[in-house]
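Guided by the hints, dock chain B onto chain A, whose structure is given.
Protein chains: 2
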Amino acid sequence: MRIAILAHEQFPNHAKTAIGILRYSDHNVVAVLDRTKTGERVCDYVSDVQDAPIIEEMSQVSSEVDALSIGIAPIGGGFDSTWRSDIQDALVNGYDIINGLHYFLEDDKRISRLADEHNCEIWDVRKPPDDLTVSDGTADNVDATVVLTVGTDCSSGKMTTSFELLQTARDQGIDAAVIPTGQTGVMITDRGIVVDGVISDFAAGAVERMIKQVAAENDLIIVEGQGSIAHPAYSGVTTSILHGAMPDGLILCHAANREAIRGYDHISLPPIDEYTRTYEQLSGLVSPAKVVAGAINTHHIEEAKARTAVADYAAAIDAPATDPVRFDATKILNAVLK
Amino acid sequence: MRIAILAHEQFPNHAKTAIGILRYSDHNVVAVLDRTKTGERVCDYVSDVQDAPIIEEMSQVSSEVDALSIGIAPIGGGFDSTWRSDIQDALVNGYDIINGLHYFLEDDKRISRLADEHNCEIWDVRKPPDDLTVSDGTADNVDATVVLTVGTDCSSGKMTTSFELLQTARDQGIDAAVIPTGQTGVMITDRGIVVDGVISDFAAGAVERMIKQVAAENDLIIVEGQGSIAHPAYSGVTTSILHGAMPDGLILCHAANREAIRGYDHISLPPIDEYTRTYEQLSGLVSPAKVVAGAINTHHIEEAKARTAVADYAAAIDAPATDPVRFDATKILNAVLK
Numbered sequence: 006m007r008i009a010i011l012a013h014e015q016f017p018n019h020a021k022t023a024i025g026i027l028r029y030s031d032h033n034v035v036a037v038l039d040r041t042k043t044g045e046r047v048c049d050y051v052s053d054v055q056d057a058p059i060i061e062e063m064s065q066v067s068s069e070v071d072a073l074s075i076g077i078a079p080i081g082g083g084f085d086s087t088w089r090s091d092i093q094d095a096l097v098n099g100y101d102i103i104n105g106l107h108y109f110l111e112d113d114k115r116i117s118r119l120a121d122e123h124n125c126e127i128w129d130v131r132k133p134p135d136d137l138t139v140s141d142g143t144a145d146n147v148d149a150t151v152v153l154t155v156g157t158d159c160s161s162g163k164m165t166t167s168f169e170l171l172q173t174a175r176d177q178g179i180d181a182a183v184i185p186t187g188q189t190g191v192m193i194t195d196r197g198i199v200v201d202g203v204i205s206d207f208a209a210g211a212v213e214r215m216i217k218q219v220a221a222e223n224d225l226i227i228v229e230g231q232g233s234i235a236h237p238a239y240s241g242v243t244t245s246i247l248h249g250a251m252p253d254g255l256i257l258c259h260a261a262n263r264e265a266i267r268g269y270d271h272i273s274l275p276p277i278d279e280y281t282r283t284y285e286q287l288s289g290l291v292s293p294a295k296v297v298a299g300a301i302n303t304h305h306i307e308e309a310k311a312r313t314a315v316a317d318y319a320a321a322i323d324a325p326a327t328d329p330v331r332f333d334a335t336k337i338l339n340a341v342l343k
Numbered sequence: 006m007r008i009a010i011l012a013h014e015q016f017p018n019h020a021k022t023a024i025g026i027l028r029y030s031d032h033n034v035v036a037v038l039d040r041t042k043t044g045e046r047v048c049d050y051v052s053d054v055q056d057a058p059i060i061e062e063m064s065q066v067s068s069e070v071d072a073l074s075i076g077i078a079p080i081g082g083g084f085d086s087t088w089r090s091d092i093q094d095a096l097v098n099g100y101d102i103i104n105g106l107h108y109f110l111e112d113d114k115r116i117s118r119l120a121d122e123h124n125c126e127i128w129d130v131r132k133p134p135d136d137l138t139v140s141d142g143t144a145d146n147v148d149a150t151v152v153l154t155v156g157t158d159c160s161s162g163k164m165t166t167s168f169e170l171l172q173t174a175r176d177q178g179i180d181a182a183v184i185p186t187g188q189t190g191v192m193i194t195d196r197g198i199v200v201d202g203v204i205s206d207f208a209a210g211a212v213e214r215m216i217k218q219v220a221a222e223n224d225l226i227i228v229e230g231q232g233s234i235a236h237p238a239y240s241g242v243t244t245s246i247l248h249g250a251m252p253d254g255l256i257l258c259h260a261a262n263r264e265a266i267r268g269y270d271h272i273s274l275p276p277i278d279e280y281t282r283t284y285e286q287l288s289g290l291v292s293p294a295k296v297v298a299g300a301i302n303t304h305h306i307e308e309a310k311a312r313t314a315v316a317d318y319a320a321a322i323d324a325p326a327t328d329p330v331r332f333d334a335t336k337i338l339n340a341v342l343k
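Heads up: the sequence lines are chains A and B, in that order. Heads up, the working numbering is the position in the first sequence plus 5, with the first residue counted as 1. Heads up, the working numbering is the position in the second sequence plus 5, with the first residue counted as 1.
Simulated from the structure, these hints should not be mistaken for laboratory data.
Which stretches of chain A does chain B cover? Using the computed rule of at least three CB atoms under 8 Å from a CB of chain B, they are:
(1) 135 to 148
(2) 193 to 205
(3) 231 to 237
(4) 265 to 276
From the three backbone atoms N, C-alpha and C, an ideal C-beta is built for every residue, glycine too.
One chain only, chain A, in its complex shape (with noise of 0.2 Å):
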């Protein structure tokens, strides 16, 4: 599938559904909009991704797209009112539209007639099916090795570390599957729920409902964590996830050198240990689960200061540790199969 991906004044910084879609899906990514870096090239900015020019608008886009992808994800998942211009274009051109937002296209009158029209289809990502239900409290009983990737904070690595260690374990010839929870999981895989967007009581039924799907094909199924139990708005999903989940071990995901939780400069982030101790007393209360192993995004640090973050940090969780990106997935996949 040929894709534009919309990130206006977000990009790549605060772009990461459009990172994650460009690093890890299959589809061919044509262009990025960014009014705000007009003229450059995904590769000036991000280097381990497939390219893509950034351009100012829809109209610009130089050749045919099966779909435009909104691919920022802004705190709270509202509309921005100066997109409407790029998704009214891609309409008329007959492209499909893939949002993300909590904010559903479908139900933008305007929108969703222009797409009747044209004979497009939007798919609101966000959107959970409605039949769900509460969970039964047994995604356990699966014949799988489940693991969950827990994090400091939002915007840690929970979803890139899900990926990264899915194609380590597709290289040793391990059935694994990822487990989708946030938008860009689903967009990149093109299948799962976005448990945030489900309502409170379901959002652990929806977890053990798709981990139930795929256990049956897979020996090792990887679960992608949302926020974090220090966040103050997104630690429910994270605790809903969790004792849906009931998985094997958990990877705990941090930012290097964060100190305050995203968006919430306010509020600090808890110590290391803090973390692995709520993590593992949490779980233990519905299924049992250790931290088996730590991912650190090292991204903005040298490559020697890297190496010192990464066992320092091994040293905080007491387990083994690895930025994935950085360096590989292998020190993580062994210590999950451990």
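This is chain B only, laid out in the frame that chain A set:
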């Protein structure tokens, strides 16, 4: 307001919404519908609430009412088609419907059409406002003491304790309010948001918003908790309320002799001290709060053994405890205000 309460096959032990309304609301309950107990009375089963006849179906209600209230909340919140005739009878007579199920009667075409025809209102209590968003992590800024009832399980007395504590505080002249977070609490107070019906991302934000709305007029804010951090399906809701409320203290509610999670016989209740430790650790990651008091439901135990159960429970949580229904909530209030 005069109401009838539907509680077919569930009264009284599985009809906690019905009991809550009978005990704490200002509504005049004209009848309870339970086809398995026709001809009996509420007082045959529950002594300390308003009395009413138990009847077979809506057509037998002897006087006019203002509304039919769905007074049961099965796991999953589904709709039982055998209730349809009662709802239709109510609407045909011009009575409103108050519905706490996840199944929205407003979206049921037959029911909503009938409501329109007879000029009746349907209040789907669990339908959240559509302008919710994520929490700011600032509920601890309010100029009031905020306490949260947390539990060892569902149906462990969080709602009951909240309203008993409210009454005791008001009796002492304290400006106090309950923040209801479940269908029963919202039905009792005629306001509030049913948090388990809110999408996970916004659950903490909903609690924060409700606290800020009542903070100016109250010195004591009692937040009704939901579920339990040890619950395989609802722990996410529990965590969202804990971190959204940023309370000054926690009241741990427990049903005496409960051994397994209600509805999940394969999952044992952890020891009490695991709850206090985990609740305190989890709250401490965002905004520290201790378990300052305990409430234990000893309804099914004889008096002498109940007193022992209370003493044992106080020792287990290392804080003052009582059964606020059997005795009263003064001990809890004193601990909260200390």
